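With the hints as constraints, model all of the structure from the sequences given.
Protein chains in written order, with the working numbering: chain A, 368 to 666; chain B, 44 to 421.
Since the hints were derived computationally from the structure, they do not count as laboratory data. All values reported here derive from a predicted model rather than from experimental measurement. Some clues are possibly wrong.
Stated by the list, open to error - Calculated lysine-lysine pairs in the DSSO-like style (CA-CA distance at most 27 Å, straight line):
1. A:LYS393 - A:LYS645
2. A:LYS663 - B:LYS306
3. A:LYS480 - A:LYS515
4. B:LYS191 - B:LYS274
5. A:LYS663 - B:LYS308
6. A:LYS645 - A:LYS480
7. A:LYS515 - A:LYS645
8. B:LYS418 - A:LYS562
9. A:LYS645 - A:LYS663
For reference, the chains in residue letters:
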Amino acid sequence: MDFRLTSDQESLVEAVDKLALQFQHKPTEFHGFALVGDELESELRQGEYFDIAQVPEFGPLTAAMAVERLARLPFTAEIALSMLVRPQLPVDLPRPLAVVENGRPGRFVGTAKTLLVIEGERISIARPSADDVESVESLFGYPMGRLKRTIDLERLSDADAYATRKWLRVALAAEMSGLLKAAIDSTVEHLTLRKQFGRPLGTFQALRHRMAECAVLAGGVRWLMLKAAGTADDGDAALAASHAQESATRVAYEVHQMLGAMGMTLEHPLHLWTYRLKALLSELGGRGGQASAVAKLIF
Amino acid sequence: MDFSWDDEQRAFRATVREFLAAHLPRDWESLAHGPGTDWQSTFSKQFCGALAAAGLLVPHWPKRWGGRDADPWTSFILAEEMWEAGEPRGGQYMNVNWIGPTLMRFGCEEQQQRYIPPMAQGQTIWCQGFSEPEAGSDLASLRTRADKEGSTYRINGQKIWTSYAGHADTCFLLARTSPGRNGISIFLLPMDTPGITVRQIPSVIGEGDIHEVFFDDAAVPATAMLGEEGKGWEIVRTALSLERVGIPRFALATRMLHRAVDKLKQTGRFGIGAIEQAARARAACESARFYSYNIVDQRRHGLTVGAEASAARYATVMAERLVSEFVVEHVPEALAGADQMLLSHHQRAIVAGIASGAAEIQLNLIASDFLGLPKEPR
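If you want it as structure tokens, here you go:
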């Protein structure tokens with residue numbers, strides 16, 4: 368055990384931080400649901416950030432750190448699956464990637480070059496054309512889309528499906544970890560500035576305790592996610608995804624309570640993170656799905 | 044960042060496990076594990092003596108005091124294995140974790156010579172005289188007085204919820220030498236000093252665990268004071284930060300969760316509801332584990348540990364809670380005599396959110412020092 372970053376990890380984290388700086392504020396004129404960062408995507412592509420998991424000095428653990436950091440931005444792009452899942456697939460496939468789970472709408476499905484189609488235990492690969500998919504209006508802070516029609520599927524072997532599911536769980540936990548942190552940070556700012564009864568909201572113990580509990584949950588998600596990315600263990604991945612979905616359920620509620628009516632507006636950025644969290648709550652079978660995986664893999 | 048154990052750490056863990064296998068009584072699992080029982084207190088001296096002889100009691104202490112300057116991971120691996128086994132060291136874990144190290148840092152030569160060797164040999168039990176009837180979470184408001192008369196202090200007052208007091212040889216006592224937070228001093232007080240009365244408080248957490256301790260003109264020489272007069276609060280803050288992540292509670296909680304799940308599986312009762320709760324509890328245990336490991340890692344690299352210690356403690360409280368709630372709901376027979384280990388774990392789990400700073404005090408610290416929220420007005 369040694370939790371210091373290697374010098375390679377440190378330099379990569381610094382570079383991602385630097386890149387993230389220019390995308391850290393929601394444009395004031397944006398009042399929509401999914402704030403898509405095309406420029407962010409293009410910078411990541413040009414900097415070859417989507418391939419960092421394949422670089423031996425970095426590996427999936429460093430990629431997970433990058434996913435977590437970038438998920439804290441108000442802008443979103445298809446990052447997690449490209450950085451953490453694509454390198455683990457048996458063949459080289461074009462990005463962006465998206466998951467279609469049991470026929471439901473999914474994040475980035477409308478623009479994906481590669482689809483991972485989950486039907487029960489089975490996972491297949493599809494290469495959609497523009498006519499195969501369509502975008503769907505939604506509250507979720509991601510561009511949502513769905514398959515319009517039946518499409519050719521190439522089924523992954525059981526072993527590949529198994530491994531893919533593991534990395535999907537790590538990607539889910541890494542993304543949620545960043546979203547949780549951003550939602551909490553944004554709420555702490557509000558509680559520090561907003562005054563009622565003559566003092567900042569953040570001085571009221573009823574709110575302080577709930578925020579502290581949220582912080583402990585979010586920090587735990589980050590540890591379990593990093594460990595899963597570091598060990599590549601199936602059980603660790605299931606635990607990380609389980610803790611992420613479990614914690615997000617609680618945190619999404621709490622931070623909206625803290626923000627009051629301000630959190631209902633599209634002007635405040637909170638919804639960008641909380642409604643992304645809500646989109647992720649149902650993925651990969653939701654809490655019940657992760658619990659079954661934990662039971663199978665750990666108990 | 045590396046999540047694996049190195050060869051030396053793996054070998055050390057194996058050594059500790061072999062020791063436990065060789066030295067725990069055959070019926071250990073069926074014995075009552077309250078750390079304050081008569082049996083456990085007597086056994087702890089035999090067991091800790093053997094640990095000391097094997098170099099496994101205080102490996103992280105300096106050579107001068109019987110250790111080998113082992114790194115914080117070594118002591119934490121040792122603590123994990125001990126706690127997971129049901130803590131055969133009894134109350135002596137406190138000596139190893141924080142009383143010994145606090146004396147090494149703040150004690151004078153004479154105090155160190157008198158008190159540290161018996162700890163390093165596993166032959167002494169301490170209690171901590173902290174809480175009072177009117178001073179629990181607000182510890183700094185404590186009232187027990189130490190009045191100076193020449194070269195003697197006279198102690199008057201009362202402590203409560205004092206663990207292991209019935210068997211303790213010495214008390215690590217907080218007492219007031221003047222008003223205010225800067226008026227608290229620490230005394231190393233032999234428990235056979237005339238004027239001390241100990242009464243056990245019957246409790247749900249186990250026999251012989253908590254006590255009331257009364258001080259009626261108990262006289263101690265001024266040389267019994269640890270550190271300078273009025274510096275007790277600073278010293279105890281250091282001590283408590285060691286204590287907060289001193290017990291790897293998640294280790295036994297994890298083991299007991301698996302034990303409970305195994306019982307359910309054997310009887311075909313591990314259904315959907317239980318599976319979801321078990322997964323939640325298991326993730327909470329793992330979260331507490333890595334929060335705690337992070338503290339150990341920071342200590343290993345010489346970093347100052349701040350509010351992360353409170354976060355680690357709170358994560359641990361949640362893990363203990365989820366596991367004990369799981370057991371109560373799904374394996375209730377454990378609390379009715381069917382499994383002594385599960386029963387003992389349940390008794391101890393309640394303590395996690397109360398001892399060494401209530402969970403709510405940890406949340407205050409996390410809110411201010413970890414999240415940076417403005418402090419409450421006082």
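Hint check:
no.: 1; hint: A:LYS393 - A:LYS645; in the structure: 19 Å, holds
no.: 2; hint: A:LYS663 - B:LYS306; in the structure: 16 Å, holds
no.: 3; hint: A:LYS480 - A:LYS515; in the structure: 15 Å, holds
no.: 4; hint: B:LYS191 - B:LYS274; in the structure: 16 Å, holds
no.: 5; hint: A:LYS663 - B:LYS308; in the structure: 12 Å, holds
no.: 6; hint: A:LYS645 - A:LYS480; in the structure: 24 Å, holds
no.: 7; hint: A:LYS515 - A:LYS645; in the structure: 24 Å, holds
no.: 8; hint: B:LYS418 - A:LYS562; in the structure: 13 Å, holds
no.: 9; hint: A:LYS645 - A:LYS663; in the structure: 26 Å, holds
The structure agrees with every numbered hint stated previously.
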